[in-house]
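Engineer: I would like the entire structure built from these sequences, with the hints used as guidance.
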Amino acid sequence: MTIKLSTSQSAAWKLAERQMRNWELSRQQKPPSAADAQQPEVQTFVAISRQVGAGGHEIAERVGELLGWPVFDRQILDLMAGEDEMRRRLYQALDERDVNWLEEMVRMMGPEGPTRMDYFHRLVEVVLALARKSHGIFLGRAADLILPSALGLRVRIIAPLAWRLERFAQSNQISENEAKSRITELESERAALIRRHFHVSPDDSERYDLVLNRERWTVDGLAQLIVAAARVKGVIPSR
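In this text, residue positions in the sequence shown follow the working numbering: the first is 1, and each later residue adds one.
Among the clues, some could well be false.
Below are the SDA-like pairs computed for lysine to any residue, each with C-alpha atoms no more than 25 Å apart in a straight line [unchecked claim]:
#1 K133 x G68
#2 K233 x A150
#3 K180 x R74
#4 K233 x S134
#5 K233 x S149
#6 K133 x R231
#7 K233 x W69
#8 K133 x S201
#9 K233 x D220
#10 K133 x H121
#11 K133 x G234
Don't read these hints as lab results, they were simulated from the structure.
Given the structure is predicted, the values throughout are model-derived calculations rather than measurements.
Structural biologist: What follows is the structure, given as structure tokens:
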């Protein structure tokens with residue numbers, strides 16, 4: 001079954017959804033009131049975004065080792081889904097590509113399935129909950145757009161396409177032509193997902209505190225740079 005919306009209904013849906021997003025982010029990011037004083041504030045963090053094939057995971061892991069902070073990546077999706085395996089699988093699929101949420105929800109899970117705002121609400125809720133509990137390294141998941149920018153270091157890892165193609169092809173045991181097709185597809189899907197939910201471009205350099213070229217540095221060198229920048233910005237608590 002497929003639900004089709006009229007032009008006016010679609011416009012109203014998009015407007016309401018955007019207002020809900022803005023309200024959700026504002027509500028989650030605002031400092032706790034006196035009534036909520038028992039809740040911990042958001043801890044400082046490092047949020048790492050990366051181009052496909054640029055090697056963000058190993059960099060995040062190394063930064064985590066240097067700081068003694070946990071790294072949050074795929075487990076965010078597991079926490080969002082709780083014990084619901086079907087929900088976890090759907091979130092994983094939706095996290096990786098931009099699909100028509102409303103039609104997918106009705107077709108796969110019926111009217112009781114997760115909605116577009118359900119995903120967004122849970123993503124914000126889990127990222128904020130993790131950041132309130134401890135300092136951390138967040139890889140992807142739009143954490144840099146969810147968490148207060150003043151409390152973290154926002155990093156973008158890039159690399160020339162040729163470098164990423166070779167690396168991606170080797171790690172996935174595919175040809176460079178196939179690697180190029182898959183990288184293009186994944187980057188397009190990631191960008192669409194970010195634009196749909198946050199109305200920004202992942203390649204906007206002004207969004208980040210630090211943009212680093214993976215081709216020119218080792219993993220450890222990049223991690224050291226990130227830690228140094230985090231220290232200068234005051235993200236790392238003084239001992």
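Engineer: Now tell me, hint by hint, if it's right for this structure.
Structural biologist: Here is how each hint holds up against the structure:
Our distance criterion of 25 Å between C-alpha atoms is met by K133 and G68, whose separation comes to about 15 Å. Of the pairs offered as hints, the one joining K233 and A150 holds, with about 9 Å between alpha carbons and a cut-off of 25 Å not exceeded. About 24 Å separates the Cα atoms of K180 and R74, which keeps this hinted pair within 25 Å; it holds. Proximity of K233 to S134 is assessed by CA-CA distance (about 18 Å); at most 25 Å being required, the pair is judged to hold.
Distance hint between K233 and S149 is fulfilled; the C-alpha atoms sit about 11 Å from each other, no more than 25 Å. Taken as a hint, the K133 and R231 pair is honoured in the structure, with Cα atoms around 20 Å apart against an allowance of 25 Å. Between K233 and W69 the CA atoms are separated by roughly 17 Å; this keeps the pair inside 25 Å, and the hint holds. Simply put, K133 and S201 have alpha-carbon atoms about 29 Å apart, too far for the 25 Å limit, and the pair is violated.
Between K233 and D220 the CA atoms are separated by roughly 20 Å; this keeps the pair inside 25 Å, and the hint holds. Between K133 and H121 the alpha-carbon distance is near 18 Å, which keeps this suggested pair within the 25 Å criterion. The suggested pairing of K133 with G234 holds, with an alpha-carbon distance near 19 Å, which does not exceed 25 Å.
In this structure, only the earlier hint numbered 8 is contradicted, and the remaining ones agree with it.
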